[in-house]
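There are 2 protein chains.
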Amino acid sequence: MGAFMNIKQYVAEKAKKAKAASRQLANISTEIKNSALLKMAAGLEKESATLIAENKKDLVAAEQKGLSKAMIDRLTLNPERVKAMADGLREVAALPDPVGEVLRMWRRPNGMEVGRMRVPIGLIGIIYESRPNVTADTAALCLKSGNGVILRGGSEAVHSNNAIVKVLSRAGAEAGIPEGAVSFIDNPDRACVMEMLKLNQYIDLIIPRGGEGLIRMVSENSTIPVIKHDKGVCHVYVDNKADLAMAEEICFNAKVQRPGTCNAMETMLVHQDVAKTFLPAIIGRMKKAGVEIRGCAKTKAVVPDIKDATEKDWDTEYNDLILNVRTIASMEEAMDHIAAHGSQHSEAIVTDDYGNARRFQREVDASAVFVNASTRLNDGFEFGLGAEIGISTTRIHARGPMGLEELTSTKFIVFGNGQIRK
Amino acid sequence: MGAFMNIKQYVAEKAKKAKAASRQLANISTEIKNSALLKMAAGLEKESATLIAENKKDLVAAEQKGLSKAMIDRLTLNPERVKAMADGLREVAALPDPVGEVLRMWRRPNGMEVGRMRVPIGLIGIIYESRPNVTADTAALCLKSGNGVILRGGSEAVHSNNAIVKVLSRAGAEAGIPEGAVSFIDNPDRACVMEMLKLNQYIDLIIPRGGEGLIRMVSENSTIPVIKHDKGVCHVYVDNKADLAMAEEICFNAKVQRPGTCNAMETMLVHQDVAKTFLPAIIGRMKKAGVEIRGCAKTKAVVPDIKDATEKDWDTEYNDLILNVRTIASMEEAMDHIAAHGSQHSEAIVTDDYGNARRFQREVDASAVFVNASTRLNDGFEFGLGAEIGISTTRIHARGPMGLEELTSTKFIVFGNGQIRK
Numbered sequence: 027m028g029a030f031m032n033i034k035q036y037v038a039e040k041a042k043k044a045k046a047a048s049r050q051l052a053n054i055s056t057e058i059k060n061s062a063l064l065k066m067a068a069g070l071e072k073e074s075a076t077l078i079a080e081n082k083k084d085l086v087a088a089e090q091k092g093l094s095k096a097m098i099d100r101l102t103l104n105p106e107r108v109k110a111m112a113d114g115l116r117e118v119a120a121l122p123d124p125v126g127e128v129l130r131m132w133r134r135p136n137g138m139e140v141g142r143m144r145v146p147i148g149l150i151g152i153i154y155e156s157r158p159n160v161t162a163d164t165a166a167l168c169l170k171s172g173n174g175v176i177l178r179g180g181s182e183a184v185h186s187n188n189a190i191v192k193v194l195s196r197a198g199a200e201a202g203i204p205e206g207a208v209s210f211i212d213n214p215d216r217a218c219v220m221e222m223l224k225l226n227q228y229i230d231l232i233i234p235r236g237g238e239g240l241i242r243m244v245s246e247n248s249t250i251p252v253i254k255h256d257k258g259v260c261h262v263y264v265d266n267k268a269d270l271a272m273a274e275e276i277c278f279n280a281k282v283q284r285p286g287t288c289n290a291m292e293t294m295l296v297h298q299d300v301a302k303t304f305l306p307a308i309i310g311r312m313k314k315a316g317v318e319i320r321g322c323a324k325t326k327a328v329v330p331d332i333k334d335a336t337e338k339d340w341d342t343e344y345n346d347l348i349l350n351v352r353t354i355a356s357m358e359e360a361m362d363h364i365a366a367h368g369s370q371h372s373e374a375i376v377t378d379d380y381g382n383a384r385r386f387q388r389e390v391d392a393s394a395v396f397v398n399a400s401t402r403l404n405d406g407f408e409f410g411l412g413a414e415i416g417i418s419t420t421r422i423h424a425r426g427p428m429g430l431e432e433l434t435s436t437k438f439i440v441f442g443n444g445q446i447r448k
Numbered sequence: 027m028g029a030f031m032n033i034k035q036y037v038a039e040k041a042k043k044a045k046a047a048s049r050q051l052a053n054i055s056t057e058i059k060n061s062a063l064l065k066m067a068a069g070l071e072k073e074s075a076t077l078i079a080e081n082k083k084d085l086v087a088a089e090q091k092g093l094s095k096a097m098i099d100r101l102t103l104n105p106e107r108v109k110a111m112a113d114g115l116r117e118v119a120a121l122p123d124p125v126g127e128v129l130r131m132w133r134r135p136n137g138m139e140v141g142r143m144r145v146p147i148g149l150i151g152i153i154y155e156s157r158p159n160v161t162a163d164t165a166a167l168c169l170k171s172g173n174g175v176i177l178r179g180g181s182e183a184v185h186s187n188n189a190i191v192k193v194l195s196r197a198g199a200e201a202g203i204p205e206g207a208v209s210f211i212d213n214p215d216r217a218c219v220m221e222m223l224k225l226n227q228y229i230d231l232i233i234p235r236g237g238e239g240l241i242r243m244v245s246e247n248s249t250i251p252v253i254k255h256d257k258g259v260c261h262v263y264v265d266n267k268a269d270l271a272m273a274e275e276i277c278f279n280a281k282v283q284r285p286g287t288c289n290a291m292e293t294m295l296v297h298q299d300v301a302k303t304f305l306p307a308i309i310g311r312m313k314k315a316g317v318e319i320r321g322c323a324k325t326k327a328v329v330p331d332i333k334d335a336t337e338k339d340w341d342t343e344y345n346d347l348i349l350n351v352r353t354i355a356s357m358e359e360a361m362d363h364i365a366a367h368g369s370q371h372s373e374a375i376v377t378d379d380y381g382n383a384r385r386f387q388r389e390v391d392a393s394a395v396f397v398n399a400s401t402r403l404n405d406g407f408e409f410g411l412g413a414e415i416g417i418s419t420t421r422i423h424a425r426g427p428m429g430l431e432e433l434t435s436t437k438f439i440v441f442g443n444g445q446i447r448k
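Residue numbers (the working numbering), protein chains in the order written: chain A, 27 to 448; chain B, 27 to 448.
Among the hints, a few may not be true.
Pairs count within a copy or across copies, as identical chains cannot be separated in the list.
Below, a list of computed lysine-lysine pairs in the DSS-like style, where the Cα atoms sit at most 30 Å apart [unchecked claim]: (1) K448 - K254; (2) K72 - K314; (3) K224 - K254; (4) K72 - K95; (5) K338 - K34.
Keep in mind that the hints were calculated from the coordinates and are not lab data.
Could you build the full structure based on these sequences and the hints that come with them?
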């Protein structure tokens with residue numbers, strides 16, 4: 027109970043301080059924010075050796091705990107990765123400041139002008155796992171958009187994250203950023219996360235970044251609005267009117283270019299009219315690239331030497347070199363399959379038919395719907411948002427890649443000359 | 027336990043059906059939606075006598091329960107109010123359909139075009155109290171924006187709401203709206219609300235409309251995103267550079283025109299340089315209109331015959347003819363007072379000074395910030411949004427008046443010709 031009260035107080039005090047700092051930050055000039063970002067970048071490079079030494083402590087603990095090779099790789103800092111973090115901060119400094127943008131103003135019949143101005147959301151809580159670069163990336167995006175941030179990284183990266191936050195805070199203070207605007211929960215106790223999720227008087231938004239378990243825990247326990255960055259079960263539908271050479275390139279890219287990401291293809295849907303022409307070539311190429319293929323009966327009738335797809339497979343995010351293939355009778359069947367098994371993340375059609383392209387684009391429900399392009403392009407940089415804090419799978423506020431603009435709220439601004447309510 | 031399981035199943039089945047209907051509704055034409063709204067309006071007028079008879083049952087129960095006169099007034103239906111509900115539906119039919127609007131498209135260096143299209147949010151749960159017209163209003167706004175809706179009205183209005191929903195459903199079915207798209211939890215057990223709040227697999231957004239207790243209960247228990255319509259502690263600051271005649275009209279309007287609303291003024295802040303000129307006239311006029319005045323020491327030094335304002339008063343939403351008055355030394359002090367005691371709802375400055383207007387507008391944090399206009403104008407109709415489902419006090423997704431556009435989500439749409447991720 028004593029320890030619990032300490033955690034409660036510790037988290038609440040951090041959040042209270044961060045909230046006060048976020049109020050000041052909301053009205054700080056772009057010049058000061060950019061100068062802070064550049065000083066932070068320089069600080070990370072200057073302290074590279076210290077960061078790598080602190081990271082070493084996390085790596086030793088990770089090896090003792092027997093974490094997987096992939097986890098340890100994501101956790102590792104080296105001079106190149108520190109440099110990449112610093113460059114990331116410089117890129118954010120170069121982006122336009124979203125705060126203060128007035129999207130549109132209009133005049134009302136009573137003569138007053140009404141508009142909407144972008145303002146910071148306030149204090150954002152980020153809950154994430156392993157990769158220490160997330161600490162610098164998200165801090166930079168929140169700072170640039172005028173938001174305070176309270177970071178809660180994975181316990182396995184606590185030394186690395188602590189060292190990074192120290193550098194960021196020192197550089198921020200030098201540039202005139204209020205103390206506490208970038209704040210970090212350095213107590214690895216999981217109870218801290220539960221406390222954060224209840225502090226709706228201080229924290230305005232929670233963004234969880236991580237595995238399904240983390241995201242479910244956060245959604246179920248938070249009294250603060252949550253924007254989830256959840257899984258992707260993505261499809262490419264190859265229409266009977268597709269340019270099959272293009273379809274092959276898109277499908278291969280969507281599966282193989284980086285299979286561990288949420289916008290990689292998990293299931294390829296192929297119209298039966300082109301199955302015999304299309305399937306042998308693409309499946310052969312996939313197999314050569316090490317992809318395991320799981321097909322429906324119709325697909326196996328064309329390419330026998332593949333595994334059977336089970337009902338569960340259609341709903342699975344493999345994040346790996348495994349692909350489901352289903353041969354279907356019509357675009358309607360493809361859209362029904364996507365509605366039943368997709369996760370509304372990234373969906374694509376390959377077709378040269380105008381009507382099919384238009385209907386698929388309009389009727390399929392996902393954060394991004396592609397005609398004749400790879401699902402892998404569902405990304406803030408690729409869409410031109412400049413940088414992204416992740417890909418939202420929540421339907422409100424921001425859906426799909428979230429850039430700086432998506433980290434803002436708005437306020438109505440009204441200019442009158444004596445208007446009253448009649 | 028048996029009854030509990032029944033409620034669990036009952037609510038889950040309603041929500042599941044409504045979700046399925048909302049998926050169909052997302053792609054229904056504007057023509058069908060408008061035709062449904064007009065048929066609903068005609069239906070309400072035709073069934074006016076039935077609605078009033080059903081409402082009578084609620085009124086009898088309300089009197090037996092000893093509800094306040096104000097509550098009973100809000101609950102009452104009469105031919106004029108039924109007509110007003112029907113007219114409300116016709117107004118929504120006349121508004122432009124937000125679904126399918128593409129806000130902007132841009133071309134990326136790789137040649138693909140990227141844009142954002144408005145799509146429905148999905149299934150929206152509305153939890154509200156007493157007034158039966160909310161049933162028709164919110165159903166119409168959700169339908170027009172392509173969303174399914176699951177309504178949970180107050181138990182005191184259950185007969186009225188049930189009768190209204192029956193009319194709406196019948197008219198909707200005639201027009202071709204999928205069954206269940208407008209659905210109503212007619213079991214008055216409060217456990218139904220708790221069940222709704224956990225159905226995040228079906229419901230995409232919860233909008234609570236009602237008192238502080240309801241809103242707190244919903245925010246604390248919902249696993250679904252919530253957009254709150256919370257209280258307003260609103261201020262008008264009369265600057266030393268104000269046009270005092272204009273200031274008097276604005277302050278009087280902000281307090282007296284309809285004191286029970288969330289955008290009415292609760293505290294008037296007056297610069298000390300104009301206190302002697304301004305306070306006696308405005309306080310005299312307020313008193314004549316029946317307003318009780320509670321002032322700080324400086325205010326009492328100018329107008330002695332008023333009550334003392336306590337610390338608690340500065341934080342209170344009276345919703346009544348009571349006004350706090352504080353005389354302050356500078357605009358900074360006014361902004362500090364607003365930051366400390368305001369609820370970020372509606373804030374106004376009256377001034378002829380360009381610099382002060384600009385600074386107040388920029389630095390004050392609220393859903394709407396007014397220069398030389400009454401806080402009472404913070405409203406969807408007044409701002410030109412056409413109709414409103416309420417005034418959001420949540421900082422994400424929609425802040426301030428929420429119209430049809432704020433009831434939509436977006437999806438990225440991408441037109442390519444073979445683009446892949448490099």
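Under a CA distance limit of 30 Å, which applies to K72 and K314: within one copy, between copies, both, or neither? neither (45 Å within a copy, 70 Å between copies)
How would you label the pair K224, K254 (within, between, both, or neither) given a Cα cut-off of 30 Å? both (17 Å within a copy, 16 Å between copies)
Could you place K72 and K95 in one of the four classes (within, between, both, neither) given a Cα distance threshold of 30 Å? Only inside one copy: K72 and K95 sit 29 Å apart there, 71 Å across copies, limit 30 Å.
30 Å Cα cut-off: does K338 pair with K34 within a copy, between copies, both or neither? between (42 Å within a copy, 27 Å between copies)
As a check of your reading, is K448 near K254 (CA-CA no more than 30 Å) within one copy, between copies, both or neither? Between. Shortest inter-copy distance 27 Å satisfies the 30 Å Cα cut-off; intra-copy 43 Å does not.
Violation of the numbered hints given earlier is confined to hint 2; every other hint is satisfied by the structure.
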